[in-house]
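Residue numbers (this note's numbering), protein chains in the order written: chain Y, -15 to 323; chain R, -15 to 323; chain L, -15 to 323; chain C, -15 to 323.
A hint or two may mislead.
Because identical chains share one entry, a pair is satisfied inside a single copy or across any pair of copies.
As the list claims (entries may be wrong) - With a Cα cut of at most 25 Å, we get these calculated DSS-like pairs of lysine-lysine:
| no. | residue 1 | residue 2 |
| --- | --- | --- |
| 1 | K(-9) | K320 |
| 2 | K45 | K16 |
| 3 | K(-6) | K102 |
| 4 | K45 | K186 |
| 5 | K262 | K(-6) |
| 6 | K320 | K16 |
Treat the hints as calculated values from the structure; they're not laboratory data.
Protein chains: 4
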Amino acid sequence: MLIIMSKTAKQSQIENIINRIEELGLKVHVSKGDVKTIIGVIGSERIITQIPLEAMHGVEKTISITSNYQLVTRDFKPENTVIDVNGVEIGGLEIAIMAGPCAVESLEQLILSAKLVKEGGAKFLRGGAYKPRTSPYSFQGLEEDGLKMLAKAREETGLKIVTEVIDSESAPIVAEYADVLQIGARNMQNFQLLKAVGKINKPVLLKRGLAATLSELLYAAEYIMNEGNYNVILCERGIRTFEDYTRNTLDLSAVAALKQISHLPVIVDPSHGTGRWKLVAPMAKAALAAGADGLIIEVHPNPEDALSDGAQSLTPENFNNLVKDCVLIAEALGRKITL
Amino acid sequence: MLIIMSKTAKQSQIENIINRIEELGLKVHVSKGDVKTIIGVIGSERIITQIPLEAMHGVEKTISITSNYQLVTRDFKPENTVIDVNGVEIGGLEIAIMAGPCAVESLEQLILSAKLVKEGGAKFLRGGAYKPRTSPYSFQGLEEDGLKMLAKAREETGLKIVTEVIDSESAPIVAEYADVLQIGARNMQNFQLLKAVGKINKPVLLKRGLAATLSELLYAAEYIMNEGNYNVILCERGIRTFEDYTRNTLDLSAVAALKQISHLPVIVDPSHGTGRWKLVAPMAKAALAAGADGLIIEVHPNPEDALSDGAQSLTPENFNNLVKDCVLIAEALGRKITL
Amino acid sequence: MLIIMSKTAKQSQIENIINRIEELGLKVHVSKGDVKTIIGVIGSERIITQIPLEAMHGVEKTISITSNYQLVTRDFKPENTVIDVNGVEIGGLEIAIMAGPCAVESLEQLILSAKLVKEGGAKFLRGGAYKPRTSPYSFQGLEEDGLKMLAKAREETGLKIVTEVIDSESAPIVAEYADVLQIGARNMQNFQLLKAVGKINKPVLLKRGLAATLSELLYAAEYIMNEGNYNVILCERGIRTFEDYTRNTLDLSAVAALKQISHLPVIVDPSHGTGRWKLVAPMAKAALAAGADGLIIEVHPNPEDALSDGAQSLTPENFNNLVKDCVLIAEALGRKITL
Amino acid sequence: MLIIMSKTAKQSQIENIINRIEELGLKVHVSKGDVKTIIGVIGSERIITQIPLEAMHGVEKTISITSNYQLVTRDFKPENTVIDVNGVEIGGLEIAIMAGPCAVESLEQLILSAKLVKEGGAKFLRGGAYKPRTSPYSFQGLEEDGLKMLAKAREETGLKIVTEVIDSESAPIVAEYADVLQIGARNMQNFQLLKAVGKINKPVLLKRGLAATLSELLYAAEYIMNEGNYNVILCERGIRTFEDYTRNTLDLSAVAALKQISHLPVIVDPSHGTGRWKLVAPMAKAALAAGADGLIIEVHPNPEDALSDGAQSLTPENFNNLVKDCVLIAEALGRKITL
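Only chain Y is shown next, with the shape it has when bound in the complex:
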């Protein structure tokens, strides 16, 4: 922590701050410039936050030198985290392909979807049983019935199930059926929910919030890991910007950056990230090239009948072609997709 004193700071104010810091058992290092004095604090930034430095007389601003991440960074764990989802790995050489409809609509639709995406190369079936929706008047999901359908689809296909959990009350029941618990973008800073899934022994797929910085995403992962669950998968799904051609702006530099900062696997959702099915395939390939460990893609057996997000869903045929293209990209990157 560096404390930049204002040009007009008095000596007594500087001493006051030094005293407050030293009372906490920390050391300081004072540097007097031509214009401003800078106080360097040596020791944990977690302790120094007990003093409201920026509100103290004479302080212009403070600058944090070290982050407070404990568990998410490569400082904590240099090698990649590889998560074993009941026999299928995420974060290793193999690219994880997750696909399926946005929402679970019926058993028939789901089983058909599952078979089609499995044929196309998916190892995970995605599909929402609990759906967070902007309007209270929109379809909110089949809830436990939907979970049962997902379990049935797993039984029939062997695909692992990824599905969203929207509150801590329903977390246990979702965990009963799911292989991977998804936290949606709107819940990325629902800290109670993060703590709840941190206590469950299931991998968590954590989607980046619509306006969340990388730092906030990493702290959200830190919430989960801090409760004991180290199996966290980060997911870039687009951020909100002024551009309105796409539904969101898919931030692939976030993928490259997260892979450098963190040991956790990172996957990308090009369907929500763009909101336009014609952009899904190029952005899926670009995501892999940026370093993603997997993809989560909306596929619907018949997009014309989807109850939500139809316009961003791929047909099974388009999905098959996308995976084939991705196989070539994965090889060029020294990774693989096993069909």
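Keeping the supplied structure of chain Y fixed, place chains R, L and C upon it in accordance with the hints.
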């Protein structure tokens, strides 16, 4: 709903869509242009959302003509909603002044704060007992102990209590102590929480999310009202933009717009909205001029000792001056602040 | 300037950097923490930019402590700059009211507009003769003919003329007719144009770019002042964000901040800032309360016939009412609008 | 064009609008819904913009159905535009690699850079002789001396020269030396400059503005093409968002979208797009996967000595590795990079 068909749409595709719409009992109105055909759908847009129009062959895009708001707009209730908080009104002629520390830290601090902000002109005491924090390692609030301190401060000063509720589990206990339940920006689309406070018979102060559109804020209010609780206060608290001089960008045109669209009271939080105490007073005055029904302001008896957000807290003296200035602005606007 | 060395920086790398800095005649102050070493550079930051510190081995990041503003800040000139526009002041007690159509369309329209806005309380007539337009196929302005019409309107009404200059070639001719040269938002970082108007002896109204930070706006003003023209008026006109209800997001905290940082007058354009005429009046009042020294407002004698931006233009009647409301706000703020 | 009338629009207002449109020789198609009337306008949207529809009584909003692009879209020219830059193609199967220092600093540095990037696989040398800089006190380029050095570097290496033109005055002299004229992000809507380069018979590399929508970028290209110069290369270089880990947010979905909408070649600048050299290689690969026709990359023989942007420059060694990786990606995509 208008459906814009692509240039290359075939007649059979146009007819297919018309059939699907008519099967739902809706009427269509087809308009053939030089280049494109447009299908107008007459009837409820809630019904039409059952068809995934944008994914259907030949459809270029759809355009929504009417919104699906039911309860929040002036179409539903033309006159202003005035909320009675145990004898103090929000949304009438009188400007509601809410003030206090960001977090409840101790009984002494809170009682002192309460007395000082009451002297300054506040009718509501704000202060968090449950604190949603970006990092799991930051101070998370005194929880029920904090609530008890708030109740004690009310007892001593008569101020009404505004405090945050962070999940549906703790909502009942917060409601036991609070006069107004605050939903924080990060929870604006925590739909389970919105439903939970919608079932509680207490006014709700709903903060706009960091990247929420006005439409999403209004739908969040709609979630609460749809459960039966019509006492919702909207709160603008800054949105996330590229500008980094301020912590957030306080969007006062949102205040003017919300007052035109909705009958609900709108208040402004210039403390979080700017993150800089020197900007709080001018933005508080600007908020009133834009049409705000109230202000929620961080005041700390001694900002140098605040456990969080110290840099945006006002001293009691600065708060007093701010309210005095606001009295003059309120008069110029034909409103009032009773000291 | 502070240089934060990475955790893994070697002693030789630290010494290399110190040597490079000392070669430039600057002093350093080294502070070794538990984890990282920090090198403070004492002396001008303009000199240190000759070294590409962030690319040097062992450097994690650099932090600028002082800005390089020379002329725009209150450090340079503590008191407000008051600009005399041929007898009418901007930046003093009196609020400057500028109004008129977006584009000059015809002499009749302009003379009528000028008379109407003068009646309503304006002291300045705005109107574009050169129009920067997104599409090459949109109306691009009447150019010199438009300038002549503006001069004629000044002759008939005594209003001062504010009009846009779009390139350095046409700057001299615009300067011949105008009282205030406007630099549009899209040209805020057209540095050649900034230098050109910096050499002309006329006040410049500098609009903030669509995605310009406050710092960039101040540096743009610095470009003009650095050429010798100290009569710069800053103008907030809305920034680009994700919110699409308004055309732009009017950032009034920028107004409050600019008034604190800089001695230059600041005005606000609520017409372009919101893009909706119903929001212009509340945002004009809010702008004054935030500290603005003036307003620039689109008024059209008959908005239904305007060639551009009709939807954000006020009728003369609405403009009159707006000014009357602003008179009351100005008084409450200890300022004035002379009708 | 669709005109949505407000709920409360009167029949006389509807008729007034229809009359105004028909006076222009256009046809209308009126559709009366339960709640609102919609007027469809059949014919050119360029004609209809003469009427300020949104300001007319009874109009709620207007919706544009067709764009006004004339030249940039695949409607105008379905096949890819391949630009021949004195024997080297951009937009064909071969990926165009442009590399070099941000600014021309000296002849030795430039010749060395040119030789190194040529060895690494570049066919184009980039380097600024005229530098638009935020602060007037920053290094502004060597101007014509820099151009001469670029010409000398071309002579020695055969690389084609890409360099920035910052105003219409200096455009002819830059055109004398350059093979490709670059328009920088801050000048994307400097319409005078766009017109100027539109009249010069040299390819133009047009960078997307910091907050420009795809539509605005395409219209900027339209300005150039409308003057007769059809050799325009679009360049994505990052947009401004709330995320501050990267200098900008590189929007690769823009690349995929532009390739679908337009026939023009699209290249990507991952150096400015991320501002961090460690992210340049993954984002270069991702750009190709998203469909880019080329890359423009900052390389400096010794980044530690670069006068600007050092932190985002690659070393020649890193550049060589990047190109080698890109060769594999290009092959996987059915394209090629000839070394």
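Each hint tested on the structure:
no., hint, result
1, K(-9) with K320, "neither (58 Å within a copy, 35 Å between copies)"
2, K45 with K16, "both (16 Å within a copy, 21 Å between copies)"
3, K(-6) with K102, "neither (70 Å within a copy, 33 Å between copies)"
4, K45 with K186, "neither (42 Å within a copy, 38 Å between copies)"
5, K262 with K(-6), "between (62 Å within a copy, 20 Å between copies)"
6, K320 with K16, "neither (56 Å within a copy, 45 Å between copies)"
Figure legend: structure checked against the earlier numbered hints; hints not met, in rising order: 1, 3, 4 and 6.
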